[in-house]
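Asker: Here is how the chains run, residue by residue.
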Amino acid sequence: MTADVEFMVAGEVLTAALSGEIDHHTAATLREKVDEQIDRRMPKRLILDFSGVGFMDSSGVGLILGRSKRMQATGGEVSVRGVSEQVGKMLRLANIKG
Amino acid sequence: MNTNKVKITFFSRSANEAFARGAVAAFVAPLDPTVAELSDIKTAVSEAVTNCIVHAYPDTVGQIELTAEVQENQKLILTISDKGVGIENIERAMQPMFTTGSPEERAGLGFAVMKSFMDEVKVRSKPQKGTKVTMVKYIRSR
Ligand SMILES: Nc1ncnc2c1ncn2[C@@H]1O[C@H](COP(=O)(O)OP(=O)(O)OP(=O)(O)O)[C@@H](O)[C@H]1O
Ligand SMILES: [Mg+2]
Numbered sequence: 000m001t002a003d004v005e006f007m008v009a010g011e012v013l014t015a016a017l018s019g020e021i022d023h024h025t026a027a028t029l030r031e032k033v034d035e036q037i038d039r040r041m042p043k044r045l046i047l048d049f050s051g052v053g054f055m056d057s058s059g060v061g062l063i064l065g066r067s068k069r070m071q072a073t074g075g076e077v078s079v080r081g082v083s084e085q086v087g088k089m090l091r092l093a094n095i096k097g
Numbered sequence: 000m001n002t003n004k005v006k007i008t009f010f011s012r013s014a015n016e017a018f019a020r021g022a023v024a025a026f027v028a029p030l031d032p033t034v035a036e037l038s039d040i041k042t043a044v045s046e047a048v049t050n051c052i053v054h055a056y057p058d059t060v061g062q063i064e065l066t067a068e069v070q071e072n073q074k075l076i077l078t079i080s081d082k083g084v085g086i087e088n089i090e091r092a093m094q095p096m097f098t099t100g101s102p103e104e105r106a107g108l109g110f111a112v113m114k115s116f117m118d119e120v121k122v123r124s125k126p127q128k129g130t131k132v133t134m135v136k137y138i139r140s141r
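Keeping their order, the protein sequence lines are chains P and H.
Okay, so the first sequence: first residue is 0 according to numbering that gives the first Met the number 0, each after it adds one.
Okay, so the second sequence: first residue is 0 according to numbering that gives the first Met the number 0, each after it adds one.
In case anyone wonders, no lab produced these hints; they're calculated from the structure.
The structure presented is a predicted model; accordingly, all values stated were derived computationally and were not measured.
Where a beta carbon is used, it is the ideal one built from N, C-alpha and C, also for glycine.
Some hints could be false.
What the hints assert, rightly or not - Result set (BS3-like, lysine-lysine): computed pairs, CA atoms no more than 27 Å apart in a straight line:
no.: 1; chain 1: H; residue 1: K4; chain 2: H; residue 2: K82
no.: 2; chain 1: H; residue 1: K82; chain 2: P; residue 2: K88
no.: 3; chain 1: P; residue 1: K88; chain 2: H; residue 2: K131
no.: 4; chain 1: P; residue 1: K88; chain 2: H; residue 2: K121
Claimed, not checked - Covered stretches of chain H (in silico footprint by chain P; criterion: 3 or more residues with CB under 8 Å from a CB of chain P, positions within the stretch not fixed):
no.: 5; segment: 7-16
no.: 6; segment: 45-56
no.: 7; segment: 63-74
Take the sequences, apply the hints, and build the full model.
Answerer: This is the structure we're talking about:
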């Protein structure tokens, strides 16, 4: 595994701190882990923290958009933080506010 | 800087996405790219290789061929080819947000990323024969 995710819970806010390299290979496991936490904790807000991410391709955008749809389905929302230059370039292309 | 070329063939296993961009990063290192240039190149390679794994060989493990070449004036030429299912309508496939993959996972951004991060992108494809993506980037000399 060259990517990982750690979770922090504060009230109704779930923070997922992502780290490593996010590509199609690693996104599958990250997605499973995040979704499991969403299902278990049912947060109002999910914060995806990219501070520890050294590489991300469009699979990371898919990860954000997919979680966003899931959260919206239960009236929740997703925000993104800790965006580096490289991750920011990808998010701008996808029209996601960092 | 002398001209140089390498060719790598590898299985369409997702673990090779990191291998492919790492190999290209090592190949371009002597050109002394900036951090931003290097990350653009690695991202474009990751997109093209992932497309072979996800779309070209959806239910099989096939071969992916990657070539990296450096010519005069720090011109980097990358090709990524597969012998997979091919693309019927290339123009449509290259439109941002277009995807035949599952919308839960895929953003339909791969080609848009390649086009915006590299200087030139060309796609040749034949249904049932395969696809070849050629990308060019000029590494600014510092
Ligand atoms: N090597 C290939 N072989 C067959 N079809 C391809 C190949 N590369 C791309 N395609 C087709 O082109 C479409 C667009 O590719 P693109 O990379 O832009 O988006 P995506 O792969 O669907 O999503 P994302 O890259 O954001 O995860 C794909 O959905 C697929 O139908
Ligand atoms: Mg793609």
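Asker: Would the hint linking K4(H) and K82(H) be met if the CA-CA limit is 27 Å?
Answerer: 22 Å, holds
Asker: Would you check the hint for K88(P) and K121(H), treating anything up to 27 Å between C-alpha atoms as holding?
Answerer: 22 Å, holds
Asker: So is the segment 7-16 of chain H in contact with chain P by the C-beta rule, three or more residues under 8 Å, or is the coverage claim wrong?
Answerer: Holds, because 3 residues of the segment 7-16 of chain H bring their Cβ atoms closer than 8 Å to Cβ atoms of chain P.
Asker: Can the restraint linking K82(H) and K88(P) be considered satisfied, given a maximum Cα separation of 27 Å?
Answerer: 31 Å, violated
Asker: Assess, step by step, whether the Cα of K88(P) is no farther than 27 Å from the Cα of K131(H), and give holds or violated.
Answerer: 26 Å, holds
Asker: Taking 8 Å as the Cβ threshold, is the statement that the segment 63-74 of chain H is covered by chain P upheld or broken by the three-residue rule?
Answerer: violated (count 0)
Asker: Would you check chain P against the segment 45-56 of chain H, counting CB to CB pairs closer than 8 Å, and say if three or more residues qualify?
Answerer: holds (count 5)
Consistency note: the structure conflicts with the earlier hints numbered 2, 7.
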